[in-house]
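*Asks:* Add chain B to chain A, keeping to what the hints say.
Number of protein chains: 2
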Amino acid sequence: MKNKIFIVGMGPGKEEMMTEEALAVLEQSDVIIGYSVYLNLLGERFKEKQLLSTPMRQEVERCRLCFEQTKQGKQTALLCSGDAGIYGMASLMYEIGKGYPEIELEVIPGVTAASSGAAVLGAPLNHDFCVISLSDLLTPWELIEKRLLAAAEGDFAIAIYNPSSHKRKDYLKKACDILMHKIEETRACGYVENIGREGTKAVTCTLKELRDREVNMFTTVFIGNSNSEIINGKLITKRGYSIKKRT
Amino acid sequence: MKNKIFIVGMGPGKEEMMTEEALAVLEQSDVIIGYSVYLNLLGERFKEKQLLSTPMRQEVERCRLCFEQTKQGKQTALLCSGDAGIYGMASLMYEIGKGYPEIELEVIPGVTAASSGAAVLGAPLNHDFCVISLSDLLTPWELIEKRLLAAAEGDFAIAIYNPSSHKRKDYLKKACDILMHKIEETRACGYVENIGREGTKAVTCTLKELRDREVNMFTTVFIGNSNSEIINGKLITKRGYSIKKRT
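First to last, the protein sequences are chains A and B.
The first sequence: position 81 = 81 (the working numbering), numbered continuously.
The second sequence: position 226 = 226 (the working numbering), numbered continuously.
Looking at chain A on its own, in the form it has when it is part of the complex (with noise of 0.2 Å):
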């Protein structure tokens, strides 16, 4: 087992939201490597194994953190925040690894706060969605553009993910105004700040609306498609079903 290493979704926060997989990946290990954040949110009883970390913007210092306690001989997990396959660090540890033949790689997936925040706000995911995130840091902004206005063609669902930081706070304005080219401005949306943590919270409201709220780092944006509505605070994307009752 020692020359594999154990790539981690640990879903959004709490540990009930971890599937055993994963926990019984961590609990096997002999050093967990993350982002701080996500190491913090581990319950007590790995805290007793190595934990180590590399700053924000590290990813690539990370990665080869895994690889080299490997080499030394330890059962080693790199943990993810969702799914590790979703913005999360498994391709550049496929791609790191091409350094590391001798070593391989396996993913443990996990709940994505598309899953996990969809499910805080009702069912606005039911049918076909896409998944955007507006951080700029490696992606052009004119391809997040282009991604947005082909979503809104497509009568999609949309699940936004890092919609803000201290950098980009009128990113979820721009991309709303974008999206109001295609959608009308009274279309169904929501969003869920802190999932599965503390102070969790869940919104709804119009697109016209979700323009000009203010929004964390740590917040999840849905936007409906044309079969999504409010029902009873929650949004829900139809899938299409007749539900008169059969005669």
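A few of these clues could be false.
Straight-line distance between alpha carbons at most 16 Å, and here's what the computed EDC-like set of lysine to aspartate or glutamate pairs gives [what the hints assert, rightly or not]:
#1 Lys-146/B x Asp-155/A
#2 Lys-238/A x Asp-136/B
#3 Lys-238/B x Glu-95/A
#4 Lys-146/A x Glu-104/B
#5 Lys-174/B x Asp-212/B
#6 Lys-98/B x Glu-229/A
#7 Lys-238/B x Asp-155/A
#8 Lys-182/A x Glu-214/A
#9 Lys-14/B x Glu-193/B
#10 Lys-146/A x Asp-155/B
#11 Lys-98/A x Glu-229/B
#12 Lys-146/A x Asp-136/A
#13 Lys-14/A x Glu-20/B
#14 Lys-4/B x Glu-27/B
#15 Lys-238/B x Glu-59/A
#16 Lys-71/B x Glu-104/B
#17 Lys-146/B x Glu-153/A
#18 Lys-174/B x Asp-136/B
#19 Lys-71/A x Asp-30/A
#20 Lys-238/A x Glu-59/B
#21 Lys-98/B x Glu-68/B
#22 Lys-14/B x Glu-198/B
#23 Lys-14/B x Glu-20/A
Note that these hints are calculated values from the structure, not bench results.
*Replies:* Below, chain B alone, put in the same frame as chain A:
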């Protein structure tokens, strides 16, 4: 609790891939309702529960059964494969729930096939992506076509659910033909059969090769974006990190 129905995502099938929360909710239930294929995947310890089912395409009746069992005083869970809010029963439950205002609903999210299938293949969804079902039971084929084109237009990675069934053997071929209007035929793709179940099989191939593959109904298909490549047999969608050592 008895006036609350839990709508539970079980993940791909095996118990280790369920969250602790999902397992706890099933343990506390008197009756578990679901499509028989999913009930059969449950571990032995749940077989002593009352397990109720309705046939395929009797989803409305299955949901009504949940409300009726709850009205009889039973703690009820509705079991869905993957995530209950992604092509699951969550939105239909909220729609039907309008007729049962005294009964509360809570969605317990799970690992959807986009995540679990991606983990087997490598990291095909590690940037913005779309999820599209090819089932036209509830969705006009024209809308599915429009979404495929929009997804290609936006250079999204794509996860395709329900790529085939007994009556829709050529739908994946049709979808690939549509995508090839916008995407080069050498695009890196892959598919996974029986994720998290007996006989898991993962294959990588080009879009042109994918067009001519016969896949079964328990398959999830992945189309890379323009930054995807096959690395050591894994389908990887790069996020854009520079992996040169910093100096």
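*Asks:* Against this structure, judge whether each hint is valid.
*Replies:* Checked hints:
1. A hinted pair counts as satisfied when its Cα atoms are at most 16 Å apart, and Lys-146/B with Asp-155/A qualifies at roughly 9 Å.
2. Of the supplied pair hints, the one linking Lys-238/A and Asp-136/B holds, its CA atoms being roughly 15 Å apart against a limit of 16 Å.
3. Simply put, Lys-238/B and Glu-95/A have alpha-carbon atoms about 8 Å apart, close enough for the 16 Å limit, and the pair holds.
4. A distance of roughly 39 Å separates the Cα atoms of Lys-146/A and Glu-104/B; the hinted pair therefore is violated under the 16 Å criterion.
5. Among the hinted pairs, Lys-174/B with Asp-212/B is consistent with the structure: their alpha-carbon atoms are about 10 Å apart, no more than 16 Å.
6. This hinted pair checks out: Lys-98/B and Glu-229/A have alpha carbons roughly 13 Å apart, not beyond 16 Å.
7. Restraint check for Lys-238/B and Asp-155/A: the C-alpha separation of about 26 Å exceeds 16 Å, so the hint is violated.
8. Proximity of Lys-182/A to Glu-214/A is assessed by CA-CA distance (about 23 Å); at most 16 Å being required, the pair is judged violated.
9. Annotation: proposed proximity of Lys-14/B to Glu-193/B holds, straight-line Cα distance about 14 Å (limit 16 Å).
10. Between Lys-146/A and Asp-155/B, the direct Cα distance comes to roughly 9 Å. Compliance with the 16 Å bound is thereby established for this hinted pair.
11. Annotation: proposed proximity of Lys-98/A to Glu-229/B holds, straight-line Cα distance about 13 Å (limit 16 Å).
12. For the suggested pair Lys-146/A and Asp-136/A, the alpha carbons sit about 13 Å apart, so the restraint of at most 16 Å is met.
13. The suggested pairing of Lys-14/A with Glu-20/B holds, with an alpha-carbon distance near 10 Å, which does not exceed 16 Å.
14. A C-alpha spacing of about 15 Å is found between Lys-4/B and Glu-27/B, which places the hinted pair at or below 16 Å, so the restraint holds.
15. Proximity of Lys-238/B to Glu-59/A is assessed by CA-CA distance (about 13 Å); at most 16 Å being required, the pair is judged to hold.
16. Between Lys-71/B and Glu-104/B the alpha-carbon distance is near 12 Å, which keeps this suggested pair within the 16 Å criterion.
17. Taken as a hint, the Lys-146/B and Glu-153/A pair is honoured in the structure, with Cα atoms around 8 Å apart against an allowance of 16 Å.
18. A distance of roughly 13 Å separates the Cα atoms of Lys-174/B and Asp-136/B; the hinted pair therefore holds under the 16 Å criterion.
19. For the hint linking Lys-71/A to Asp-30/A, the alpha-carbon distance of about 13 Å falls within 16 Å, and the restraint holds.
20. Note on Lys-238/A and Glu-59/B: the hinted pairing holds, with a Cα-Cα distance of about 13 Å set against a maximum of 16 Å.
21. Proximity of Lys-98/B to Glu-68/B is assessed by CA-CA distance (about 14 Å); at most 16 Å being required, the pair is judged to hold.
22. A hinted pair counts as satisfied when its Cα atoms are at most 16 Å apart, and Lys-14/B with Glu-198/B qualifies at roughly 9 Å.
23. Taking the CA atoms of Lys-14/B and Glu-20/A, the gap is near 10 Å; set against the 16 Å cutoff, the hint holds.
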